[in-house]
Every structure is written in C-alpha cells, then in structure tokens.
Amino acid sequence: MKLFIVATALAACSASALSIPARDAPPSLRTIELSPGNIKQVTEEQKFELLAQGTNLIDITEDLDAPSIKKNVAAVTFPATVTQQSAITPLLPLLSTASMRATLTPFTQFQNRYFNSTYGAQSSAWLLKTVKDVVSASGAVNVTVEAFGHSFLQSSVIARIPGRSAKTVVLGAHQDSINSRNADRVNNRAPGADDDGSGTVTILEALRVLLTDENVRTGSAPNTLEFHWYAAEEGGLLGSVDIWKKYKAEGKDVKAMLQQDMTGYSKGTTDQGKPEVVGVITDYVDAGLTDFITKVIDAYCDIGYVRTECGYGCSDHASAYRNGYPSAFVFESAFENDSPYIHSSQDTLETVNFEHMLQHAKLTLGFAYELAFAAGL
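Numbers -19 to -1, 1 to 358, taken from mature numbering (1 follows the signal peptide of the UniProt record, and there is no 0), label the letters of the sequence shown in order.
Among the hints, a few may not be true.
Said to hold, decoys possible - Derived SDA-like pairs (lysine to any residue); straight-line CA-CA distance at most 25 Å: (1) Lys248 x Ser80; (2) Lys227 x Ala102; (3) Lys229 x Val57; (4) Lys148 x Lys229; (5) Lys229 x Gly18; (6) Lys248 x Phe316; (7) Lys226 x Ala268; (8) Lys226 x Gly305; (9) Lys233 x Val122; (10) Lys148 x Pro60; (11) Lys229 x Ile139; (12) Lys227 x Ser132; (13) Lys229 x Arg145; (14) Lys233 x Glu43; (15) Lys276 x Phe354; (16) Lys248 x Ser77; (17) Lys113 x Leu72; (18) Lys248 x Ile284; (19) Lys233 x Arg198.
Calculated directly from the structure, the hints in this document are not laboratory data. None of these values were measured; they are calculated from a predicted model.
Sequences are here, hints too, so could you generate the full structure?
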C-alpha cells in the first residue's frame, strides 16, 4: 500500500463513515483503522476507494479486541551480531535468479490474484502445491505445508520447519494482487509481479535453499521457522489479521516476524544515480529486530540499506505487531522510490529486477538461519 494523507482521502466518504465502532454494526459495514486509535466504519466500496487513493489501513472488523499499538510487545533480545556465517555463506550461491523467474512467471499469469475471486482461489491453490513440491523435493519429512482458510475465497499458505523448541520465527509475504485503477477488481488484469509476487517468490526461494541444510531440514535448529504467504493483504491485511489473531489466542510463542512486500523494483533508485539498497522500515516496527536486520544485510547482502518509513498498517507485519509480536518490514528501496506500476495491469515481469530480488533472498536466508539457531531468543 502507498502512503497517503488520510484527511484528504477520507473527505470522499466522511459523510457516512462513523467514528468508534459499534459491536452490532450492520454486516455491510467494515471497521477500519487508519492510524493508531483512528477507527472508522465504512462500506466495503468506501474501503476500496481509500485503498485505491493510497491510504494505508487495517480492516479490523474481525479483530476488534487487539489494540492499535500493542503496549506490551513481547520483550525479545536479539543477537548483538551475526554468528552463523560458516553455515550461511556456503548456502548463498545456491539462491538462483533463474529459479525465482521460473516461479514468478506462472504466478503472474493468473488473470489476477484478487482475494475474493476465482482467480485468487486458483492462485493460492497453485502456490500451496508449489510450496509442497519444494518441500517434497528437499526430502524433509517433518516440514508441514497447510492452507489457512478464511471467510473469503483465497487461502493463506503456511509452511513450518519444526525446531527443538516452540519458539518461532516467521517470514512473511502476501500472495494476492489487485488492480485498483478499475472498479472491476474481480475480473481485471492484475499480474502483481512486484506487488507482491516478488516477495512471495523471494521467501519461497529462501525456503528452498534453507532445506538443503541438513541441520535445518532435520529439525536440529533450536527454534522453529514458519513461512507465511498471506491472502488478502490488499483488502486491508485481512489474511494476516486472521492468522495473528489466532496465534495470539493460542499463545503462540513467536519471537520475530519479518515481512517482505515488494522486493523487485530498483529503477526508481538507480534512475536517480543512486546505488541499489534494501529499504528498512523504521516506523511501527520493533526497533531491536530492525537493528538486527541491518546487521544481517551488512553480513550477507552485496548492497547496503536505507532507513525509510511507510506509515501505519502498510503491510502484514502490522497484524503481528498489533497482537504483541515483534515484527519488522523490509522493502525494495526507500519508500518514495517504489514501483509506479503496482495495483495495475502494468505490474509485470518486465519491471522486476531479479538480481535485486536475489539480495532480498540473501537477507531472508541469513535472517532465518541466524534466528533459527539463536539459542537465547
């Protein structure tokens, strides 16, 4: 989602948008949060008007009990430095731009991946099978891959690599796409190559290579790893809201969550004569986890990073954070240099830089391995 001035965006629907939500709200109304404590009720179409204008929001209709900003985010001390270079460095050359292209190409060939369309259901089924195939090819026997169902047509996908404890580290991306430049969201072309096909494929490639490591594959790591491909991010983080609400209710011991949403566009940076960078989001995230991510970039990536902001509720890490879990978000560039093609029929493979995606895959691999083997989390 792109940052927008909320006051301007609300003008079009302020006449019918109500303030603090009522629990007996009609089913036709959605409860949205635009910033901490700024809660409104709007119709479904008004919500999508706001999203089309670039307004960040979280649709909290199904999660009214979670606070805007969790005051008691779990206190986790992250490693002061990276320690797993001897294991990670040999894995990095196994990451492949050809492999990522081979996965992203068919993923963008669905008419769209809109969460409440038949296409979105088909694409999530394809993704589920693709992740299962990756796990099967690795020979891992204890790794699970499951669909997580929602009230809409598209399912989320969760892969779990058990470790020696229930302490869990989550890598996330969103699988859905949207064409918000035309009213027919169900049928319009929305290839979503960068947003967020790139993030989806980035974390899948990291999973593929992680499973070549015997210690990871056999469950010898101290901590458990999960990979999440969220449905319906473009509808207001709906898929991740459902998952993190459930995790909180179950008392799931998640120590860290990293979101990758858009990892493939670098032209907005290089056209300015600047070197490619990873955008490290600094607002509405866990500061300690974010600092650790910069250490991972320095250790395992071939490019640097820039600290940048994206606003409240800009991707699925916000759902984890609202429910008390340390979360962070990395992006393809400084936020103002992102792809101009997202949410349209022009978000195609031709706009994606696979070498830049490779840097995000290196970050994902390094982050996952370091924290999987961080005994003190």
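Index of numbered hints that the structure contradicts, given in increasing order: Structure breaks no hint.
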